[in-house]
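The lines below spell out each chain.
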Amino acid sequence: MARKVLIVDDEELVRKYVRRALASRGWEITDASNGSEALAALESADFDAVICDLKMPDLRGEEVIRRMRERHPGLKIVAITGSVSNLKSPLLPGVEVEGFLIKPFGIDEIRDLMEKIVP
Amino acid sequence: MTAKANILVVDDEPQIAELISYALTSNGYSVSVAGDGETAVKLAAEGDFDLAIMDIQMPGMDGITALGELKKLDPEIEVIIATGHGTMGTAIQSLRKGAFDYLHKPFDVRELLGMVERALEKRKFNDITRAIFSTVKPEEQLRIIVDSVARILKAEESLLVLSDKGGKPRIAVSEGVEDGAPKEQRLAMCARALERLDGASKPVILVENPSENKDFAGIDGLQGLKFSLFLPLLDESGPTGLININRLDNGAHFTEDDLQRARIFGSLVNLALRNSSLYRRLRETQEQLIQAEKMSALGQLAGGLAHEINNPLSGILGLTQLVLENTPKDSQNYADLKDIEKAVFRCKKIIVSLLSFSRQEKEHLEPCSINEIIEETLTLCARQMELQHIKIERRLAPGLPLVNADFQQLMQVYLNLFTNARDAMPDGGELTVTTELRGDQAGPQTIVSSVSDSGSGIPPEIAGKLFDPFFTTKPVGQGTGLGLSVCLGIINSHKGKIAAEGNPGKGSTFTIEMPVP
Chain A
33 MARKVLIVDD
43 EELVRKYVRR
53 ALASRGWEIT
63 DASNGSEALA
73 ALESADFDAV
83 ICDLKMPDLR
93 GEEVIRRMRE
103 RHPGLKIVAI
113 TGSVSNLKSP
123 LLPGVEVEGF
133 LIKPFGIDEI
143 RDLMEKIVP
Chain B
94 MTAKANILVV
104 DDEPQIAELI
114 SYALTSNGYS
124 VSVAGDGETA
134 VKLAAEGDFD
144 LAIMDIQMPG
154 MDGITALGEL
164 KKLDPEIEVI
174 IATGHGTMGT
184 AIQSLRKGAF
194 DYLHKPFDVR
204 ELLGMVERAL
214 EKRKFNDITR
224 AIFSTVKPEE
234 QLRIIVDSVA
244 RILKAEESLL
254 VLSDKGGKPR
264 IAVSEGVEDG
274 APKEQRLAMC
284 ARALERLDGA
294 SKPVILVENP
304 SENKDFAGID
314 GLQGLKFSLF
324 LPLLDESGPT
334 GLININRLDN
344 GAHFTEDDLQ
354 RARIFGSLVN
364 LALRNSSLYR
374 RLRETQEQLI
384 QAEKMSALGQ
394 LAGGLAHEIN
404 NPLSGILGLT
414 QLVLENTPKD
424 SQNYADLKDI
434 EKAVFRCKKI
444 IVSLLSFSRQ
454 EKEHLEPCSI
464 NEIIEETLTL
474 CARQMELQHI
484 KIERRLAPGL
494 PLVNADFQQL
504 MQVYLNLFTN
514 ARDAMPDGGE
524 LTVTTELRGD
534 QAGPQTIVSS
544 VSDSGSGIPP
554 EIAGKLFDPF
564 FTTKPVGQGT
574 GLGLSVCLGI
584 INSHKGKIAA
594 EGNPGKGSTF
604 TIEMPVP
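These protein sequences, in sequence, are chains A and B. Mapping of the first sequence onto our numbering: position 106 corresponds to residue 138, and the numbering continues sequentially without gaps. Mapping of the second sequence onto our numbering: position 231 corresponds to residue 324, and the numbering continues sequentially without gaps.
Treat the hints with caution; some may be incorrect.
Taking CB as the label site, the calculated pair distances span [to be verified]: (1) A:55 / B:434: 15 to 23 Å; (2) B:588 / A:55: 47 to 55 Å; (3) A:98 / B:435: 52 to 60 Å; (4) A:130 / B:376: 48 to 56 Å; (5) B:405 / A:130: 22 to 30 Å; (6) A:44 / B:439: 22 to 30 Å; (7) A:130 / B:586: 52 to 60 Å; (8) B:401 / A:151: 30 to 38 Å; (9) A:102 / B:434: 48 to 56 Å; (10) B:512 / A:148: 32 to 40 Å; (11) A:148 / B:434: 50 to 58 Å; (12) B:228 / A:92: 54 to 62 Å; (13) A:98 / B:434: 45 to 53 Å; (14) A:66 / B:472: 27 to 35 Å.
If we take Cβ atoms under 7 Å as the criterion, some of the chain B residues that face chain A in the derived model are [unchecked claim]: (15) 264; (16) 387; (17) 404; (18) 408; (19) 414; (20) 415; (21) 419; (22) 420; (23) 436; (24) 437.
FYI, nobody ran anything at the bench for these hints, they're computed from the structure. Cβ coordinates follow ideal geometry from the N, Cα and C atoms, glycine included.
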């Protein structure tokens, strides 16, 4: 069965290349352009992983991640962001993720990371 | 011969005006006479008078009113009021309006001349005070001081000696002293006098025939000096230098009046020098504040910009790589796409520098050894230096105290300085790294480290821009122009100081001062 990933980013270009990079590796992809859409998508289908931008127009990425954790404890989460306030611990305290990438990242970086998280 | 001063005599009684006028003219003053207040004001408006001697009771405009008018025309003019049956009341009133002093008629000519001299002396001091306080530029100010002191004390020679940072005295300016041996000999004399000064020293020290004085034994060439005065210059910490005034004529004793003048002059000069040093410090602080403001504004801009740019940049990178996967490796398209990919990585590097420069990363302070940071950074660059035939010379002081710092950030600073040094020596050379402890245990201590290269140096026209963001001398694509501004940002946030110095052809030295907690 194909591994399923949800890509959450308000930047269409990013969703587009991440989708294509992972699709060619056999991932099944759904995307969402904001936090509420993402939470709704998680209610209607099962996912192995979520790739989530940290800065979006509606909800803070960290808030989205917190809610996902509550409702879907087994979900693997990768955070991505273009605004880095601290390279060493990029997330707010209390928010934990399985992986983290700083934009701009290449297609091999996201592929390798996803393979590692959901073998 | 030019007149000693221009004096305006105002009296409605012609005989008295005549008498005063005669006394003054025969003492070398130039005199104009006015018979009433209105004429006096008219003359003062046209001419340039140093002093007015004015009767208080005159028909028409009275002396008190005329005094006010004269002061309005020229606030510097001195006015002596003469009063026939004056009461204390009018005298006080005239003093309040700015009169120098008052005389009761009938007065003695000597009394008048003495008062005139004192009034003119006050005026001269006012002029000098204004001149000394008119500038805060050291070279101008010191020149005015030396010229004025020679003038008011009627001395052939005047010198201003200051101790430099290492405590070594040097002649800052001099008047009437020939270059070469005479200057050297006087400097030696002043250095000796300076050694004998302490915090509580007298404001004026008079030495007759310094060549015969045991304090100056062994210094040649002082025989020409007959009377020497030394006025110590002091700041909060003690003596910083002195003014030396020399008369060469055997009969030209310094009188008690001269010494009094010298004392007043000395305290004026001390005040003026302190004033300008405070002013310069204020300016420096202002400049630092403006620089810090610029940095912080740019930092905020950079943070926002980074986010806006990184999203599309990520798209460019990802899509380029996707297309690359489907492009034959030997095609022109493949080569072009690779160039695009490289350009994206370059942009990424610039943004990372901008972000670290903008100090959005919170530093992690811990006790660090500066020597250790330097050694670790040198390990990183050793191979590159070797390849470029650069010899590394270490002069690291052992046993230095630790400083509170972010190890990674300081490594970044030294890495930047080492890389710049390497780039300044494309044909090889020597990189010298030093550390030392400055200050004593009682006061604030700093660890001073320096990075010097034997490269092309810093042209004076760019010295002021070195730490400006985006300023670079490297070819397009090789430097972001952010390296040194990042260093400045990091060192500032550590409450340290970074400075550059270097002359074309003589290499450059970057110095970092870090406070010891």
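Can you name, in rising order, the numbers of the hints this structure does not satisfy? 3, 7, 9, 11, 13, 14, 15, 16, 21, 22, 23
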